[in-house]
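Protein chains in written order, with the working numbering: chain A, 1 to 246; chain B, 1001 to 1420.
Any given hint could turn out to be false.
To be verified - Derived BS3-like pairs (lysine-lysine); straight-line CA-CA distance at most 27 Å:
#  : chain 1 : residue 1 : chain 2 : residue 2
1  : A       : K74       : B       : K1419
2  : A       : K74       : B       : K1385
3  : B       : K1389     : A       : K113
4  : A       : K151      : B       : K1389
5  : A       : K18       : A       : K151
6  : B       : K1385     : A       : K136
7  : B       : K1105     : B       : K1022
8  : B       : K1151     : B       : K1057
9  : B       : K1163     : A       : K122
10 : B       : K1389     : B       : K1405
11 : B       : K1419     : A       : K136
12 : B       : K1389     : A       : K125
13 : B       : K1389     : A       : K136
14 : A       : K108      : B       : K1389
15 : A       : K113      : B       : K1419
16 : A       : K74       : B       : K1405
17 : B       : K1057     : B       : K1021
18 : A       : K136      : B       : K1400
19 : A       : K108      : B       : K1419
20 : B       : K1021     : B       : K1116
21 : A       : K151      : B       : K1116
22 : A       : K108      : B       : K1385
23 : B       : K1095     : B       : K1116
24 : A       : K136      : A       : K182
25 : A       : K113      : B       : K1314
As the list claims (entries may be wrong) - Taking beta-carbon pairs under 10 Å as the criterion, some of the chain B residues facing chain A (in silico):
#  : residue
26 : M1140
27 : I1143
28 : F1371
29 : R1374
30 : S1375
31 : I1378
32 : V1393
By construction, these hints were calculated from the structure, which means they are not laboratory data.
This structure is a prediction, so every number in the text was calculated from the model and none was measured.
Backbone N, C-alpha and C fix where the C-beta goes; we use that ideal spot for every residue, glycine too.
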Amino acid sequence: MLRIKNLHAEIDKKSILKGVNLEIKPGEMHAIMGRNGSGKSTLSNVITGRENYLATKGSLELNNESILDWTPEKRSLEGIFMSFQYPVVIPGVNNTYFLKAALNAKRKYYGEKELDSAGFLKVIKENLQELDMDTKFLQRPVNQGFSGGEKKRNEILQMLTLEPKLAILDETDSGLDIDALKIIAEGVNNYRSPDRSFLVITHYQRLLKYIRPDFIHVLIDGKIVKSGGKELALELEEKGYNWLDS
Amino acid sequence: MKKLDFQNEFEKIIDRNYSSKKIQPLRKKAFDKFSEIGLPNKNLEDWRFTNLNHFLKSSYTLSGLEHSDPSELDLSQFSIPNTDTLVFVNGHYKKEFSDTIDGLKLLSGQEYLELKNWSLQYPSECPFELLNTSFMDSGMSIILEESQIIKKPIRFLFIVSAKEELMISPKIHIDCSPNSSFTFIEHQVGHSDNFFMNTSINCYLDRGASLDHIKIQSNSQKAVNINKVHVKQSRDSQYTFFYLALDSQLSRLDIKNDLNGKGSECSLNGLSLSSENEQLGSHIITNHYSPYCSSSQNFKNILYGNSSGIFNGKTVVHQDAQKTDSKQSNKNLILSNNALMNSNPQLEIYADDVKCSHGSTTGALDEDAIFYLRSRGISLMNAQKLLMKGFAVELFDVIKNESIKTFIIQEFENWLAEKT
Chain A
1 MLRIKNLHAE IDKKSILKGV NLEIKPGEMH AIMGRNGSGK STLSNVITGR
51 ENYLATKGSL ELNNESILDW TPEKRSLEGI FMSFQYPVVI PGVNNTYFLK
101 AALNAKRKYY GEKELDSAGF LKVIKENLQE LDMDTKFLQR PVNQGFSGGE
151 KKRNEILQML TLEPKLAILD ETDSGLDIDA LKIIAEGVNN YRSPDRSFLV
201 ITHYQRLLKY IRPDFIHVLI DGKIVKSGGK ELALELEEKG YNWLDS
Chain B
1001 MKKLDFQNEF EKIIDRNYSS KKIQPLRKKA FDKFSEIGLP NKNLEDWRFT
1051 NLNHFLKSSY TLSGLEHSDP SELDLSQFSI PNTDTLVFVN GHYKKEFSDT
1101 IDGLKLLSGQ EYLELKNWSL QYPSECPFEL LNTSFMDSGM SIILEESQII
1151 KKPIRFLFIV SAKEELMISP KIHIDCSPNS SFTFIEHQVG HSDNFFMNTS
1201 INCYLDRGAS LDHIKIQSNS QKAVNINKVH VKQSRDSQYT FFYLALDSQL
1251 SRLDIKNDLN GKGSECSLNG LSLSSENEQL GSHIITNHYS PYCSSSQNFK
1301 NILYGNSSGI FNGKTVVHQD AQKTDSKQSN KNLILSNNAL MNSNPQLEIY
1351 ADDVKCSHGS TTGALDEDAI FYLRSRGISL MNAQKLLMKG FAVELFDVIK
1401 NESIKTFIIQ EFENWLAEKT
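Please take these sequences and the hints and turn them into a complete structure.
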């Protein structure tokens, strides 16, 4: 699904990623852990194609195709989704309008008929239920006045609606209380399937109690210094990151 | 159009045999004053940012009866559902194309002035106002009787459509007697290339009256559109103004709103949209003369290309206006490197127990928001349009009448659809 080879990236000429290698196969869930400033968010921004995040070396492929010169929207349409660490407030645009525009952009890209309001509501209502969200969410401007938990739930709602092949969860657990965390984890777990992959980016192993990655990688100073199974998370919880510093 | 050129046109209007002689002294007095002071220039604070070059280079002629035939126009393209419309073609009222409105007191310009003993109720020394009085036409005025409530909005549709570069000077009076209420739409359509529309709208709201005033200006690219709006409000009256300005080479709105009576309220709102080389200015003065009044100014600009915008908003809270509640906001989106916004929100307070706020922001579209939308598969262009819509949409909520609101949103969408 996603293959990253010797990826180097910089922001404002500052080198952040210094040779990342990672392969995510269909159905797999990988977690990237690391301290603040280790390059975790840079990695997700490079994958999603954010401007100013410049890949200087190496390759980034989705299903054997290089995506480095794809626009962010093309990456999304081709199946990459990121749940934002800090979802953006969009004043004046209500959630329904936004979600419908996004879903229809995707349907159009795949030559499907765009959904009208009734068709869209049918799709969205199921997803709302799944996340224990009220329909009143739909009428509010995107993320405006949403609590931390509501914002993150709204991200997962978008994920369920857009049905990506690769979902990146960037610090999805931050700002969540335990109940919200459980609901979100359940949403994610139910969404797992043999052809869907996940990349979970997290600072703490708290989230990993509820969603179980197949592989864990530790990112330090722009490189993956250690990879392992679930047990690595517990080891990190116990020992911190210092023992991995060279 | 220079000062001297106006002299020629003025002689023509004075020689017209179909207008009342009694109106001539008013015209003459105004034109003498205009000749004395001339056109405004950039040395005047209030005209500092207004560039009159295109106006000065153009030469406009008076609109005569030969310009009043709308037979070649398809008026249905300008219709707004559920409104009663009076049609003005190149400044001439066209009764045969207008709706008849039962129970409405409509007065011609002359009839109105006669009622006021041939004196102006809203004198002004502004050069363009003096020109308006010198050349006044389309003088249809409305007087609402006490407690008269008109549910269906009344629209004055001004169409400019001619081969010549015309000068049109509507002077309109709207007098609302105590406790009366209605919605007035001023709809200006520029159907010819270059013209000069110099409008003066004068509204008086007596005790408890309520007026929703909608002004829609959809101009051709070379039009010059100068608009004066004077509003005087008595106690407990309510005035809501919504302005949509689309295109035109130069569009300038000057509103002066006097809150003379206790408990009166006004809400002034505007959205100016440019495409390429326009100058769009809103100059607003709200005077709080009485206590317990509230006012708001909420104006937005979206600027493209080499266009420029001006917001010159002033709220003055005079000494007796205790318990004033006033808000002032100006927000602008700049969508090109060459577009320019001049924003000048001002607040003058001479009373001590008041609540006043003001603010202004000008900037590009939020990059984080654009990335967020693109990361959901929405194209860059559509992401920008979605954000522009989000920026504007709040203003439309002040329009209470659904038909008009739908029409205005459609005008906005059409403007947006042309952007690439």
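Distance restraint between A/K18 and A/K151, which requires alpha-carbon spacing of 27 Å or less | At roughly 32 Å apart (the allowed maximum being 27 Å), A/K151 and A/K18 break the hint.
Is A/K113 within 27 Å of B/K1419, Cα to Cα?
-> holds, 25 Å
Given the hinted pair A/K108 and B/K1385, is their alpha-carbon gap at most 27 Å?
-> holds, 18 Å
Straight-line Cα separation of B/K1151 and B/K1057 no greater than 27 Å?
-> Violated, at about 44 Å.
Is A/K151 within 27 Å of B/K1389, Cα to Cα?
-> holds, 22 Å
Take a quick look at whether B/K1163 and A/K122 sit within 27 Å of each other, Cα to Cα.
-> violated, 55 Å
Does A/K113 lie within 27 Å of B/K1389 when you go C-alpha to C-alpha?
-> Holds, at roughly 24 Å.
Below or equal to 27 Å on CA atoms is what counts here, so check A/K74 against B/K1385.
-> holds, 18 Å
Would you check whether B/V1393 satisfies its interface hint, that is, whether its CB is within less than 10 Å of any CB in chain A?
-> holds, 4 Å
Assess, step by step, whether the Cα of A/K108 is no farther than 27 Å from the Cα of B/K1389, and give holds or violated.
-> OK: A/K108 and B/K1389 at ~22 Å, within 27 Å.
Given pair status - B/K1405, A/K74, alpha carbons within 27 Å = Distance ~36 Å between A/K74 and B/K1405 Cα, so the pair is violated.
Is the hinted pair A/K136 and A/K182 satisfied, with a Cα-Cα distance of at most 27 Å?
-> holds, 22 Å
Checked against the numbered hints given earlier, this structure breaks hints 5, 8, 9, 11, 16, 17, 21, 25, 26 and 27; the rest are met.
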